[in-house]
Amino acid sequence: MAASWFQNPAPVVRRVRAYFAPVNRITGVPVLFDPSEQATFNLVAPPSPWIGLGWIEGFARKALSKSAAVLTGIPAGALEQVRSTLEAQVSFEFLSWTKLTMALATGSQHMNVLAPASGAAPAADGAQASPAVVVQAGSTASAIVLNATDAAKFAAGSMIAVDGDYAGQTGYVGSPVSGAYVRQALSDVDYIRRVTFNVGLVTQVSNGTLTLAEPLPGGTPAAGAKLQGLVGFVDREGGSFYQEWSGLFVLQGSQGERVSFYYPRLQPLSGAEETLVALDSQQKGGHARVLLKAQLMALPVIDPEDGERVLCYRSFLPAANALV
Amino acid sequence: MQNAKDSFYAALRARLAVINPERTVLLRGTVRPGILVEEAEAPFAQLPNDVFVLRWLGLGADLDLAATMASEECEVIYQTCGTQSFGGLDRGRALSAMDEELLAMLQPHYTPKLNYTVQPSEELLTKVFWDDAAFGPVVVQRDRLSRTAKVLVYSYQEQGE
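Chains A and B supply the protein sequences, listed in that same order. For what it's worth, this note's numbering labels the leading residue of the first sequence as 1, then goes sequentially. For what it's worth, this note's numbering labels the leading residue of the second sequence as 1001, then goes sequentially.
Same shape as in the complex, but just chain A (with noise of 0.2 Å):
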C-alpha cells in the first residue's frame, strides 16, 4: 500500500520574496495579511493591494525584544518573566532599482526628479519642472488621456508623475502612498508630483493616450489630477519623514510549504545604503553589482484576537501530506 503521509525535514529554499503595502498614514492602519485566506497566493500575483518586489538578498530578521525577571524571595529568584521592550528589525537587499525598491531603501522621502523648465536654475532635488498636464476624463491606471498638444510632448519610453496639485496644504501628502509630510505650507505647486509613488513609463502614444506598461500603482488618476514628465529619483540622507510599509516576505520551499512573515508596520531604520558585489568573485576590481540595501525597523500594532501588541506574524503552510 502506497504511503500516504511523509515526514517532512526542515523547509528547503532558493531565494526569499518581498512585497510591500502602503499604511495609510492619515487613519494608521496596516494593510492585513491573512494567512487563512491568501497565504497560498500565486508569487507572481499577489492579491491587492501587495506590490511584489521580486527576489531579494540577505534576508535576516533580528528580534531584540528583551524580557525581565520578576524576582522574589531572598536571596531572590524569578518568579515569573515579563517583557519589557518590543523591537524587531528586519534587513535584505534588493535586486532591482525601481521606485519603489529606492523608497524602501532610503530613510526618508523619495523623491521624483521632474524636468526640468527651460532655463531654470538648478536645485539639489531637480530644477523648477516643466508645466504639469492637465489629466483627460476617460483616462485610466493604464492609458491616460490628453489633449493632443500635451500628448505630443510625450513618447514612447518617456517617464511620467501623475498626481494633483499641491495646494498649500499640510500633513501626509501624496496618492495612494504618502509619500512625504508637509509640516508648514510649501511654495512648490509641484510638491505632490515630487513625491508621488504614482509613476509610470510610456510605451506608446496615439490618439492623445499615453498607454504605459504597467498601471499606475494609484489606479485610475483622481479628477484633477495633472501629469508631469520625470527624468528619474532622488532620495536625502537626514530629513525628518519616515516612510511606512506592510511588508511581507515569502519562503517557498522544496516540498510547497511556505513560510510568510507579516510585518504590519515596518518603516526604514536607516538612511540610504548600497553593498557592491562583484560579478566574478575572482576578480574584485571588475564589474559589481550595487544592491540597494534596506534596514527596517518593526513597529507594534495591537491585534485585535486578544488586544496583544505584536510586531510580527509568522506563518507556515506545511507541504501536502507532510506531517505536522
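Please keep in mind that the hints were generated in silico from the structure rather than gathered at the bench. Owing to the predicted nature of the structure, the values given are computational and were not obtained by experimental measurement. Ideal Cβ positions, reconstructed from N, Cα and C, are used throughout, including at glycine. Just to be clear, a hint being listed does not mean it is correct.
Here are some chain B residues the structure puts well away from chain A; computed CB gaps all over 12 Å [to be verified]:
1. Asn1020
2. Arg1023
3. Thr1030
4. Leu1036
5. Gln1046
6. Ala1066
7. Glu1100
8. Phe1135
9. Ser1146
Covered stretches of chain A, as calculated for chain B (at least 3 residues, CB under 8 Å) [what the hints assert, rightly or not]:
10. 2-16
11. 250-256
Chain A is fixed; fit chain B onto it per the hints.
Quick look at chain B alone, frame taken from chain A:
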C-alpha cells in the same frame, strides 16, 4: 533514488518538448524529444550531436533528517556541429540555443516525484528539486562544440522507496 532520477529526466524531457518541439532524436525506432539518459541506452561510441545527454555522477545522502535526503549530481552534456545548410558556420549559435533551452528546462527548479516502474506511473508524496546549473566552458574539437553543465538534484526518500 531511481524515482528521483527518472522524474528529473521525465520533467526535462516534457519541458523540452514544449520549449523546442523540433529538437528530437530517433532512438530504437522512435522519435523522441532530444534528451536521453546515457546509462539507460546502449553504449555510445560517440555522443549524438544536438541532443542533451544526462549522465549521473556523484551521490550524497544526509541521514540525520526526518527523511533521508539524497543529492545526486547530474552532468548534462551537449554538443553540436551546427547545420549543414550553413556549412557548420552556425555552430556557435546552435550551442547558444542549447544553452538557453537547458536554462529554460531547469525552471521551475522542482517537479513531482513519480514512480515509473508501475503502469500507469504513480505520483509520490514529495518533490524532486535542484540547484542552478553550473556551466562548464565550451570544448572545441575540430568543428564540434560541446559543453557540460552540472546540476545537483535533491530528493527525499519516502516510505517503501
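Hints, verified against the model:
With a least beta-carbon separation of about 24 Å from chain A, Asn1020/B lies farther than 12 Å from that chain, consistent with its non-interface assignment. Interface exclusion of Arg1023/B from chain A stands, the closest Cβ pair being 27 Å apart, more than 12 Å. Once the 12 Å rule is applied to beta carbons, Thr1030/B is consistent with being away from chain A; the minimum gap is 30 Å. Residue placement check: Leu1036/B keeps its beta carbon more than 12 Å from all beta carbons of chain A (closest about 26 Å).
Here Gln1046/B stays apart from chain A, with its beta-carbon at least about 34 Å from theirs, past the 12 Å limit. Not every beta carbon of chain A lies more than 12 Å from that of Ala1066/B, the smallest distance being close to 4 Å; the non-interface claim is violated. Even its closest Cβ contact with chain A, about 20 Å, leaves Glu1100/B beyond 12 Å, as expected for a residue assigned away from the interface. A cut-off of 12 Å between C-beta atoms confirms that Phe1135/B is not in contact with chain A; the least separation is 14 Å.
With a least beta-carbon separation of about 24 Å from chain A, Ser1146/B lies farther than 12 Å from that chain, consistent with its non-interface assignment. Taking a C-beta to C-beta cut-off of 8 Å, the segment 2-16 of chain A contributes 11 residues in contact with chain B, enough for the three needed, and the coverage statement holds. Coverage of the segment 250-256 of chain A by chain B holds. Counting CB-CB distances below 8 Å, 3 residues qualify, and the rule asks for three or more.
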